[in-house]
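Both chains are given apart, each in its own frame, so use the hints to dock them into the complex.
Sequences listed follow chains Y and A, in order. Going by the working numbering, the first residue of the first sequence is number 123, and it counts up by one from there. Going by the working numbering, the first residue of the second sequence is number 314, and it counts up by one from there.
Any given hint could be a false lead.
Stated by the list, open to error - Estimated spans, in silico, between C-beta atoms of each pair:
1) Y/R226 <-> A/D509: 29 to 37 Å
2) A/T350 <-> Y/G240: 38 to 46 Å
3) Y/Y214 <-> A/S392: 17 to 25 Å
4) A/S391 <-> Y/T196: 40 to 48 Å
5) A/I384 <-> Y/H178: 24 to 32 Å
6) Y/T210 <-> A/G410: 16 to 24 Å
7) Y/A173 <-> A/R345: 25 to 33 Å
Claimed, not checked - Chain A regions said to be covered by chain Y (calculated; three or more residues, Cβ under 8 Å):
8) 418–427
9) 462–476
What the hints contain is simulated information worked out from the structure, not anything from laboratory work. Note that beta-carbon positions come from the ideal geometry of N, C-alpha and C, so glycine has one too.
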Amino acid sequence: MVRRTLSLVTLMLVLSALPVAASQFIDMPFDRVAREANLVVRGTIGETWSAWDDAHEVIFTYATVRVNRYFGETTGPDTVIIREVGGTVDGYTQEAIGFPVIRRGENVVLMLSRWEDGADYRIHAFNQGKYLVRQRDGGEVLIADPFQQGDERMGRERGVRTQALDEAPGLGIEEFARMVDDARVGVGHDRGRNQQQ
Amino acid sequence: MNRNRILSIAIITIILVASAEPALAYVLLSPRRRWATTPISVRTYNVGNSTITDGSGGVNAVVSAIRVWGIISSSSTSSAAVRGSAPATIMLNTNGGLCSGNCLAATLTGYYVTQAGDDRIYDADVYTNTAIQFYSSGEPGCSGEYDINGIMAHEVGHVIGIGHSNVSGATMYPSVSACNTANRTLATDDFNAVNDLY
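Extracted from the complex, chain A is given alone in its bound form (with noise of 0.2 Å):
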């Protein structure tokens, strides 16, 4: 067999494999929606979460965590969420009456359907399973707990219209382990994403 033969037969390979996989690459809500204006407020209410023992029940920690997107202004606040009304607002002592069992954290997002296809996203609060142990970059070490930081740098990525990646690594990933702090730091797809969108 010469080289252009095996050349040829790789070439097609790598086409075939390439193909038959669906393309790796960050998702948008869909519809596609996101907020009107940027920097995109996001709070933290102040009554943190039980679990976390670094001083503040991982408010601080999360204030900070989620401006990884960049495009977040990000801050404490006295305030519970207001369902239905902006800005959004993560909770971190409660599941909401949605996030319970084998739920970690839920995002519950709202919008009004439009006919332009480019939707505008209302409100959008975050909601955290009391039942969990989790854990924050505030904290020395981890045993069996998840990562607060992490989670909810991703639930921020639902707030902000983006949907799950198929990339290993991304932080819109959809799987984490405990004690995995990855999703701390976005990844190249993550960008993609939020550029798309904002």
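Chain Y on its own, in the form it takes in the complex (with noise of 0.2 Å):
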């Protein structure tokens, strides 16, 4: 019980203390989010690329995420594909405000699931799937990726957000492994946070 607490208290630690930039999402029980995925991966995202879909309306980025830990129940291949909408082509960007981004060579941990038409994965509940992995006292941390589609990227607000980044609060990925285990067998973490972000 105890630990459960303090998992939750961290986990709330790690989503409020950076600057939230989503869009208009409701805001999703962790144990939810967890459920619902189809894969939790421990990995870092390779190579990245854009393309128009089939009716020339809609960018997708794609990217390969090398696999190197699978959380809870779920297994899969060394490789997984993921799509979010959003990239550029030939000069044209297409943004989903509010949306993840996806940058090459950022370690990460995912919660996937599959797009409606099934062929490939995005990032479930949207920014609340996607952790960033940070290395600290000798051990790897998780915490809340304070860039998404439409955000500052550079200038002050990118100083303050990196910054932000480096002090922010971690969660333990073996703590971390524990609450999606528990969420996956239906043992509730928390409640949510209120309505939306």
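Set out below in structure tokens:
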């Protein structure tokens, strides 16, 4: 009970310490995000590329994720391809404001679900399904990503957010693993934050 | 402790507190971008949202609500959004294949990056999660639904080039709760943002 409470408090700090920049999303409890995800992985973003869809209406960015760990009972291949709305093709950029950003070289933990057409994976629950991995005190901690599509990426605001990232409280990756296990067997960790972000 | 010392400590404390927090202000989308001319034409597709029972599925309410920005030429249209092509179009009847799950509404915006640092927005369309319950100013009450007037006022802020503000109470603040109608009215911070861009 104490461990769960501490986990909840830490998770809330992780999620609240950085500037919130989601667009209009309803906040979901961690348990629900973890339970609904098809895959929960720790990996590194590899190659990324953007392309129009077949109807030439939406630009998607694809990325390979080199997976080095699956959480919960999930398992899968060493490399997973994810697809998110937004990207740049021939100088034209499309952004879905507030949606997750995919950047090559990022060390991440992702909760993934299949797109409705089932072709490949997307980050489940938008930014609630993405954490950046940082090394601290010899271990890995998870931090909420302060950057989303449409956000300031240069200048003062970037500096503020990068600094905030370095100083943000992190959730230990093993604690995260236990929380995912608990969520996927139905042991509640939190009731979610109020309303939406 | 004399008065001067107390005053000095108070001033230093205020300075420290103020410098510890990021400045409270609007944020423009990055890179900075705007439409080439004003007023900006934003049309609302005339097939409304099935959860809104005001007689037009929220279309009339949204057409009126987004005028709050002052630089919007707002009307309804029988033409659905064409992505990548102006005018900006609000779709209340579809999630566009983008906005599902916990997404309430999403703005998909398109621009060319130039060297000038003052890019032009070519298109921006707004999609609505049809699995969510909404209500409009044309309905008498609210029960756990989300205010389509305020939500679309917020999304049109994105359409014209504004990001999220950290000023609580601003329409562009990234948090809204069910039955909250505060986003229908712009705050000073929102006006500052639009005046910065246009």
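Hint-by-hint comparison with the structure:
no.: 1; hint: Y/R226 <-> A/D509: 29 to 37 Å; result: holds (32 Å)
no.: 2; hint: A/T350 <-> Y/G240: 38 to 46 Å; result: holds (43 Å)
no.: 3; hint: Y/Y214 <-> A/S392: 17 to 25 Å; result: holds (22 Å)
no.: 4; hint: A/S391 <-> Y/T196: 40 to 48 Å; result: holds (46 Å)
no.: 5; hint: A/I384 <-> Y/H178: 24 to 32 Å; result: holds (30 Å)
no.: 6; hint: Y/T210 <-> A/G410: 16 to 24 Å; result: holds (20 Å)
no.: 7; hint: Y/A173 <-> A/R345: 25 to 33 Å; result: holds (26 Å)
no.: 8; hint: 418–427; result: holds (count 9)
no.: 9; hint: 462–476; result: holds (count 5)
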